[in-house]
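Since the structure of chain B is provided, determine the placement of chain V on it from the hints.
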Amino acid sequence: AQSVAQPEDQVNVAEGNPLTVKCTYSVSGNPYLFWYVQYPNRGLQFLLKYITGDNLVKGSYGFEAEFNKSQTSFHLKKPSALVSDSALYFCAVRAVYNQGGKLIFGQGTELSVKP
Amino acid sequence: DAGVIQSPRHEVTEMGQEVTLRCKPISGHNSLFWYRQTMMRGLELLIYFNNNVPIDDSGMPEDRFSAKMPNASFSTLKIQPSEPRDSAVYFCASKGSSNTGELFFGEGSRLTVL
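Those sequence lines, one after another, are chains B and V. Once you know that position 94 of the first sequence is 94 in my numbering, the rest is easy, because the numbers rise by one and skip nothing. Once you know that position 67 of the second sequence is 182 in my numbering, the rest is easy, because the numbers rise by one and skip nothing.
Next up, chain V with everything else stripped away, as it sits in the complex:
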């Protein structure tokens, strides 16, 4: 079975540009999570969805960040405009319906904003 698929794996962009990160969760999973990983702050939960509905976006840093989940098989995380401090690895993870279930992570999207 395919795991969580993220694209792009690497993105280098200039400050002020729009960045869109994409995620395809595992088929049948109904929860999707976006995390950001940096050396300074570790793993931070940005936002998560249940059944395509955003449940908690309190971790989204500011209005420059937005996330959508238009259907059960696709989610995007958008940064507009991007800033150098947004440089990080962004992970998407998905989970099945059981509350005891573990998260399955994608390989991450490494973003560098120059």
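Extracted from the complex, chain B is given alone in its bound form:
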């Protein structure tokens, strides 16, 4: 079975400071990992994904994420947060063997960036 855990319901950061949104996963075999962002009353937007290769993945809006196989983690990071980054962030996992593409999401983390 596949599962994703986002241990923090909310993360508060001051503008200009670095941010980290945590994600751990559980899957049989190798994972494909994804981050999405959701703004109020909108659908989810793709930020970045890890498929294979370099453990540090760069994505949209200056975000990046680091895949750590030994810790089964895929934390989202940004060196300098913006107020406009305030949104709901979702981590998701798909097992490599799952040819159907089923994607399982975490519960989401509310990021609040204050000026």
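These are calculated hints, taken from the structure and not from any lab test. Just so we're clear, the structure is a prediction, and the values are computed from it rather than from any experiment. Treat the hints with care, as some may be off.
Claimed, not checked - What follows is a set of in silico ranges between Cβ atoms, one per label pair, in the way DEER data are often shown:
1. 174(V) x 16(B): 38 to 46 Å
2. 177(V) x 1(B): 15 to 23 Å
3. 17(B) x 131(V): 49 to 57 Å
4. 125(V) x 114(B): 28 to 36 Å
Glycine included, C-beta positions come from ideal geometry on N, C-alpha and C.
Chain V in isolation, oriented as in the chain B frame:
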């Protein structure tokens, strides 16, 4: 390019009524997913289709829910009869043929059952 298109964006109905939510995936995508989002349960996968064929409907809550994909450009999610606990935002998403591909989401249909 048009993204995933869902309708209606908002639906308010009374308990016991039939609700039909509609989705048009991105042209050329061959996988379609229906998710439900609530505060209590987060994002739940209800059902997904590959090449118009339902692959996994284990997330469908009960027999009141049904989904169809009669062709590659259209899918429906139907609730009959609706209940207040069905109130949620329902998202449709589609994906291309690559297994490494990301999902593209629609803007969602917010359902309120009174």
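Hints, one by one, checked against the model:
no., hint, result
1, 174(V) x 16(B): 38 to 46 Å, "holds (41 Å)"
2, 177(V) x 1(B): 15 to 23 Å, "holds (21 Å)"
3, 17(B) x 131(V): 49 to 57 Å, "holds (51 Å)"
4, 125(V) x 114(B): 28 to 36 Å, "holds (31 Å)"
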